[in-house]
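Chemist: The sequence shown begins at 49 in the numbering used here and counts up by one.
Treat the hints as calculated values from the structure; they're not laboratory data. The structure presented is a predicted model; accordingly, all values stated were derived computationally and were not measured. Beta carbons are placed, not taken as given, at the ideal position from N, Cα and C, and that holds for glycine. Treat each hint with caution, since some may be false.
What the hints assert, rightly or not - Distance condition first, Cα-Cα at most 20 Å in a straight line; then the derived EDC-like pairs of lysine to aspartate or glutamate: (1) K206 to D224; (2) K227 to D210; (3) K227 to E175; (4) K305 to E208; (5) K305 to E213; (6) K223 to E213; (7) K206 to D235; (8) K223 to D235; (9) K223 to D210; (10) K305 to D235.
Stated by the list, open to error - Label pairs and their computed distance ranges (CB to CB): (11) P112 to K272: 45 to 53 Å; (12) I242 to M217: 31 to 39 Å; (13) Q207 to F115: 29 to 37 Å; (14) A58 to V166: 36 to 44 Å; (15) T258 to V116: 21 to 29 Å; (16) R83 to G247: 56 to 64 Å; (17) P112 to E213: 38 to 46 Å; (18) V167 to Q306: 43 to 51 Å; (19) Y66 to P267: 44 to 52 Å; (20) Y66 to V166: 37 to 45 Å; (21) S64 to Q294: 46 to 54 Å; (22) W60 to E84: 41 to 49 Å; (23) V166 to Q61: 39 to 47 Å; (24) A63 to Y162: 36 to 44 Å.
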Amino acid sequence: MNGNGTIDLAFWQVASAYLFILIVWIIIRIKKIPREKLIVIATLRMTLQLILVGYVLIFVFKYPNPFVTIGIIFFMLGFAILNVYQRTKPAIHISFKKMIAFAMVIGTSLSMIYLVFVVLRLDPWYEPRLFIPIGGMIIGKTMTGVALGVNNLLNGMKQEQDRIEAALMLGATPKDASKSIINQAFDAALLPTINAMVGMGIVFLPGMMTGQIIAGQSPLTAVKYQVAVMLGVSGTVAITILVFLQLSYKSFFTDRKQFVLTKRDLPSDAKPVKYD
């Protein structure tokens, strides 16, 4: 144990934790689940990525710079956006991808600005020891929420095609015809965050709070930071998925209020919808 009360793990202690992955690998091998290669690759990637990030953060913490800090956040955000693309089935059109990226940039940026300048009041505002971990938590949770929202919107539009077309024929606007699907997609995106909030403190101690306690901070100080960040996470997910849904549902309709699932279904003279 160090002088500040933290525990510095030796190399052999970290190596011994890989026993858990070995157990996982043996179980899926016995059950003949074809995931052995994926488990090995994921473990190696996690290890190498975290080691690399550790060395990068040592440098960033030692020489704090606003451009470097912001650059790291946007790099993380870009990687999260790519992950959303990969998690989305079926393949989505480029315009849909732009909507996802725009919504994630807007939602994350607005929330981080408010958290940093109003709630946390970091001094300096780009303090990397707090800015980067908090940004990473928000981006990670938002990535999961948006991926759920996108998939639920696509699945809902496909499954409810007949109902939507019937509503349009009866005079409903595209917004009204899609309302229930949009609401379901929003609910699906936000539900994991709400469930996590419900279980915090009783079922489990969240990551940021645990990290601060291990680092020697007072549990009450850790609680205050965790509450602020978790509220920021919920707000970011809500803002991001709201922006995305309000933009994306229109891509399923033409200016003639015709429902289309893919761009290939568009009539040759159709134009993107321009109404709310």
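Chemist: Next, verify each hint and record whether it holds.
Modeler: Consistency of the hints with the structure:
For the suggested pair K206 and D224, the alpha carbons sit about 16 Å apart, so the restraint of at most 20 Å is met. Between the alpha carbons of K227 and D210 the distance comes to roughly 15 Å, so the proposed pair stays at or under 20 Å and holds. With a CA separation close to 42 Å, the supplied pair K227 and E175 exceeds the 20 Å bound. A distance of roughly 16 Å separates the Cα atoms of K305 and E208; the hinted pair therefore holds under the 20 Å criterion.
A C-alpha spacing of about 9 Å is found between K305 and E213, which places the hinted pair at or below 20 Å, so the restraint holds. Between K223 and E213 the CA atoms are separated by roughly 12 Å; this keeps the pair inside 20 Å, and the hint holds. Between the alpha carbons of K206 and D235 the distance comes to roughly 18 Å, so the proposed pair stays at or under 20 Å and holds. With a CA separation close to 17 Å, the supplied pair K223 and D235 stays within the 20 Å bound.
Between K223 and D210 the alpha-carbon distance is near 16 Å, which keeps this suggested pair within the 20 Å criterion. Restraint check: the Cα-Cα separation between K305 and D235 comes to about 26 Å, which exceeds 20 Å; the hinted pair is violated. For the pair P112 and K272, the beta carbons lie near 23 Å from each other, so the given range of 45 to 53 Å is not met. In this structure the hint that I242 and M217 lie 31 to 39 Å apart at CB holds, the actual value being about 37 Å.
A hinted range of 29 to 37 Å for the beta carbons of Q207 and F115 is inconsistent with their spacing of about 46 Å. Roughly 42 Å separates the CB atoms of A58 and V166, a value that falls within the hinted 36 to 44 Å. Between T258 and V116 the beta carbon distance is about 27 Å. The supplied range of 21 to 29 Å therefore holds. For R83 paired with G247, a C-beta distance near 27 Å fails the hint of 56 to 64 Å.
Range check, P112 to E213: Cβ separation about 56 Å, and the 38 to 46 Å hint is violated. In this structure the supplied range 43 to 51 Å holds for V167 paired with Q306, their Cβ-Cβ distance being about 46 Å. Distance hint check: the CB atoms of Y66 and P267 are about 30 Å apart, inconsistent with the given range 44 to 52 Å. Distance hint for Y66 and V166: a CB-CB separation of about 43 Å, consistent with the stated range 37 to 45 Å.
Evaluation of the 46 to 54 Å hint for S64 and Q294 yields a pass: the beta carbon distance comes to about 50 Å. As the Cβ distance of W60 to E84 is approximately 25 Å, the hint placing it in 41 to 49 Å is violated. The hint said 39 to 47 Å for the Cβ distance between V166 and Q61, and at roughly 41 Å that hint holds. Distance hint check: the CB atoms of A63 and Y162 are about 42 Å apart, consistent with the given range 36 to 44 Å.
Going down the numbered hints, you'll see the structure goes against 3, 10, 11, 13, 16, 17, 19 and 22, while the others check out.
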